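Using the sequences plus the hints, can you model the full thing?
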Amino acid sequence: SSNTVKVYPVPTAKFSTNEPRCEDEKVDFNGKNSLIPGQSNYTFKWDYDDGLIDSNTRDTNHQYLNDGEYNAQLTIESQFGCKDSTTKTVTVNPVPKADFLTNDTCLGNPISFIDNSQGNGSSIASKKWNLEDTTITNPNSLVNYNYDTAGIRDVKLTVNSGKGCDATESKKVEVFPLPEANFTVNDTGQCRQGNSYQFTDQSSISSGSLNYDWDFGDGDSASKATPTHSYSSQGSYTVEQIVTSDKGCKDTASEVMEVNPMPSPAFSYNEDSSQCLEGNQYSLTNNSTITSGSQNYAWTFGDSSDSTDIDPSYTYSSADTFKIELIATSDSGCVDTTSRKVTVE
32 SSNTVKVYPV
42 PTAKFSTNEP
52 RCEDEKVDFN
62 GKNSLIPGQS
72 NYTFKWDYDD
82 GLIDSNTRDT
92 NHQYLNDGEY
102 NAQLTIESQF
112 GCKDSTTKTV
122 TVNPVPKADF
132 LTNDTCLGNP
142 ISFIDNSQGN
152 GSSIASKKWN
162 LEDTTITNPN
172 SLVNYNYDTA
182 GIRDVKLTVN
192 SGKGCDATES
202 KKVEVFPLPE
212 ANFTVNDTGQ
222 CRQGNSYQFT
232 DQSSISSGSL
242 NYDWDFGDGD
252 SASKATPTHS
262 YSSQGSYTVE
272 QIVTSDKGCK
282 DTASEVMEVN
292 PMPSPAFSYN
302 EDSSQCLEGN
312 QYSLTNNSTI
322 TSGSQNYAWT
332 FGDSSDSTDI
342 DPSYTYSSAD
352 TFKIELIATS
362 DSGCVDTTSR
372 KVTVE
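FYI, in my numbering the residues of the sequence shown are 32 to 376.
Since the hints were derived computationally from the structure, they do not count as laboratory data.
Owing to the predicted nature of the structure, the values given are computational and were not obtained by experimental measurement.
Incorrect hints may have been included.
[Stated by the list, open to error] Each computed DSS-like pair below joins lysine-lysine, with the alpha-carbon atoms no more than 25 Å apart: (1) LYS128 with LYS76; (2) LYS202 with LYS159; (3) LYS128 with LYS114; (4) LYS202 with LYS278; (5) LYS128 with LYS45; (6) LYS187 with LYS203; (7) LYS114 with LYS158; (8) LYS159 with LYS128; (9) LYS57 with LYS76; (10) LYS202 with LYS158; (11) LYS45 with LYS158; (12) LYS76 with LYS45; (13) LYS203 with LYS159; (14) LYS194 with LYS158; (15) LYS119 with LYS63; (16) LYS354 with LYS372; (17) LYS63 with LYS76; (18) LYS159 with LYS187; (19) LYS45 with LYS114; (20) LYS158 with LYS119; (21) LYS202 with LYS187.
Given below as structure tokens:
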């Protein structure tokens, strides 16, 4: 007698992948090159070597949660129990962690960007900074950049590992506007006697508020927007206005104030203050002084007569008591007066 033995064909499992991949990417598994003879029904089972198994699909993809090397296996089995398996090593490379430190700043100051990225088991091969205004490829850990205008910027750092894996970190930085210090004053040149410098703030800023500090150049200061100041001594004083925004940004304006010297009028005469009407004559000697500059003189004799001579002589035509007054005026317009009484009998 004889028996019939039926031999069923065995499939040949083959697959390809697009590895190596990064741990944040999916690995494609393609089993189309497997040899599947006959018309039998075959099942596909994928063992990814990370505890997960997929089935009933020839082509698939899978994302590994961690980097490393995995022995992925494809098993093909016919409805008759004939099967074949094949294994490939799949490399999943680590993704670096992008990070950087930075700070807000005032317009005109550079912003520092300090790379704080980690390779996570791999080296960092390249760094690209997108600063919104420009892009910088710089392998160094520190980048300084000056923005031309104030505002909020979205900054991105993209790092690439030596194995081709990218990571990006984004942060916002703000460039604060600068204040513009400015002021006016009622008169930059005043006489020492009675001087009063009245300062009016004209500062501005595009947003935010301002605080004020004034340095009057003589050791005194103020923190008002519109202060008034008087100087006790003549001289040149540089007044500084420092304005500070609520973000700490500063600007300074300055101007020189001139406190002009006062004349010091004085005079004497050749005779006693009392003279007889007949033959009286007062010869006046001008003893006025001033520390700098020149001065002009005006005399009044108390009887409606006057003179602009430096050292005048005067004779009274009637008897009485008269006040002789000397008015000294400096070349900067400062005026002082002195007087003495004389008696004509």
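Task: LYS57 paired with LYS76 [C-alpha distance capped at 25 Å] - done: Measuring from Cα to Cα gives roughly 18 Å; hence the hint holds.
Open item on the list: Can you confirm whether the C-alpha distance between LYS202 and LYS159 stays at or below 25 Å?
Closed with: Between LYS202 and LYS159 the Cα gap is close to 14 Å, so the pair holds against 25 Å.
Task: Pair hint outcome, LYS158 versus LYS119 [Cα-Cα no greater than 25 Å] - done: 33 Å, violated
Task: 25 Å limit on alpha-carbon distance, applied to hinted pair LYS159 and LYS187 - done: 8 Å, holds
TODO: Measure nothing beyond the straight line between the CA atoms of LYS76 and LYS45; if it is 25 Å or shorter, mark the hint as holding.
DONE: 12 Å, holds
Open item on the list: Holds or violated: LYS202 and LYS278, Cα atoms, limit 25 Å.
Closed with: Between LYS202 and LYS278 the Cα gap is close to 19 Å, so the pair holds against 25 Å.
Open item on the list: Hint check: LYS45 vs LYS114, CA-CA at most 25 Å. Holds or violated?
Closed with: 12 Å, holds
Task: Given pair status - LYS76, LYS63, alpha carbons within 25 Å - done: Holds: LYS63 and LYS76 sit about 14 Å apart, inside 25 Å.
Open item on the list: Hint check: LYS128 vs LYS76, CA-CA at most 25 Å. Holds or violated?
Closed with: 34 Å, violated
Task: Hinted pair LYS202 and LYS158, Cα distance within 25 Å - done: Roughly 16 Å between the alpha carbons, so the hint for LYS202 and LYS158 holds.
Task: Pair hint outcome, LYS203 versus LYS159 [Cα-Cα no greater than 25 Å] - done: At roughly 16 Å apart (the allowed maximum being 25 Å), LYS159 and LYS203 satisfy the hint.
- [ ] Sort out whether LYS203 lies within 25 Å of LYS187, counting only the CA atoms.
- [x] It holds: about 9 Å lies between the C-alpha atoms, which stays within 25 Å.
Of the numbered hints stated above, those contradicted by the structure are hints 1, 3, 5, 7, 11 and 20, listed in ascending order.
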